[in-house]
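K.L.:
Make the full structure from the sequences, and use the hints.
Under the numbering used here, think of the first position of the sequence shown as 1, with each following residue one higher.
None of these hints come from the bench; they were simulated from the model.
Note that CB positions come from ideal geometry on N, CA and C, so glycine has one too.
Hints should not be assumed to be uniformly reliable.
[As the list claims (entries may be wrong)] Across the chosen pairs, the derived CB separations fall in these ranges:
(1) N207 / E277: 29 to 37 Å
(2) E92 / P36: 23 to 31 Å
(3) E92 / E203: 37 to 45 Å
(4) E208 / S160: 17 to 25 Å
(5) E154 / K210: 32 to 40 Å
(6) A260 / F106: 20 to 28 Å
(7) V109 / T202: 27 to 35 Å
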Amino acid sequence: MHKIEGDFFLKRIVLKTVLTAFFVLLTLQNSAFAIPTDASHALIVDATTGTILLNKNSDEIMYPASMSKIMTIYILFEHLKDGRLKMDDTFEVSEKAWRKGGSKMFVEVGKRVKVKDLLYGIIVQSGNDACIVLAEGLMGSEESFADEMNRKAEELGMTSTHFENSTGWPDPDHITTAKDLAILTRHLINDFPEYYPLFAETEYTYNEIKQGNRNPLLYKNIGADGVKTGHTEASGYGLVGSAQEDRKRVILVVNGLDSARDRSTESERLIRWAFREY
1 MHKIEGDFFL KRIVLKTVLT AFFVLLTLQN SAFAIPTDAS HALIVDATTG
51 TILLNKNSDE IMYPASMSKI MTIYILFEHL KDGRLKMDDT FEVSEKAWRK
101 GGSKMFVEVG KRVKVKDLLY GIIVQSGNDA CIVLAEGLMG SEESFADEMN
151 RKAEELGMTS THFENSTGWP DPDHITTAKD LAILTRHLIN DFPEYYPLFA
201 ETEYTYNEIK QGNRNPLLYK NIGADGVKTG HTEASGYGLV GSAQEDRKRV
251 ILVVNGLDSA RDRSTESERL IRWAFREY
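P.N.:
Here it is as structure tokens:
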């Protein structure tokens, strides 16, 4: 009799455990599709496990704008890590780099700039000019550098991405997805723990011009330490962000928002939701 009762209670415990796990998975699955957001594309993943916490059109093609610079920095980090490049190495500023519009770190044509300055100029100041100096210095031309970006994207499993330039400058063939940007960012964080903390820097001064980091999450006291904003007329306002709380790290990708203010408030709201609910 006692054995039968013991077996009965054991089965109840097992059944309860299975049902609890089922409902947790069901909740996560529903949350990954049902959480509302004004972003046209949105994705939140657990940086450790890759679990999707929020998903809206993450496989749809979109324009990455300056979020493309995450790949530019990834390639730079590779060169630094394997010793092909040092922080004190310098590259010459071409007229093409100097003339490039959009966000700039304000390098001067004909001058040589340290890799360290270019690194901060891209991460903090989002300098298009810095990207081109780096691309030309590493690969001889921006076109060759874009080829390397595409090779690396394929290697990392970014199956829906194609780069035409190092900056994210508008081009109809320069495309990605929120999913691919999350893949890239997860690799960036895991592959370069010694360099990734640079993304938390909030300001940098070059050529006596001080600029602040455009990532609004860095100023919100929510554990954010990266990564990169983007904006063009075609893409809308986007952001790839990452934050850590109690050893939990999440990666956020949003794009297609209407303003910098919307990008700021929506990104914060989604990060806070991810930590609260997951």
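K.L.:
Does each hint hold? Answer for all of them.
P.N.:
Outcome of the hint check:
Against the hinted window of 29 to 37 Å, the Cβ-Cβ separation of N207 and E277 comes to about 45 Å, which falls outside the hint. Checked against the hint of 23 to 31 Å, the C-beta distance between E92 and P36 comes to roughly 49 Å, which is inconsistent with it. One distance hint, 37 to 45 Å for the beta-carbon pair E92 and E203, is violated here, with the actual separation near 26 Å. Checked against the hint of 17 to 25 Å, the C-beta distance between E208 and S160 comes to roughly 42 Å, which is inconsistent with it.
A hinted range of 32 to 40 Å holds for the C-beta pair E154 and K210, which are about 38 Å apart. The hinted range of 20 to 28 Å is satisfied by A260 and F106, whose Cβ atoms lie roughly 21 Å apart. Evaluation of the 27 to 35 Å hint for V109 and T202 yields a pass: the beta carbon distance comes to about 29 Å.
Consistency with the previously given hints fails for numbers 1, 2, 3 and 4, ordered from lowest to highest.
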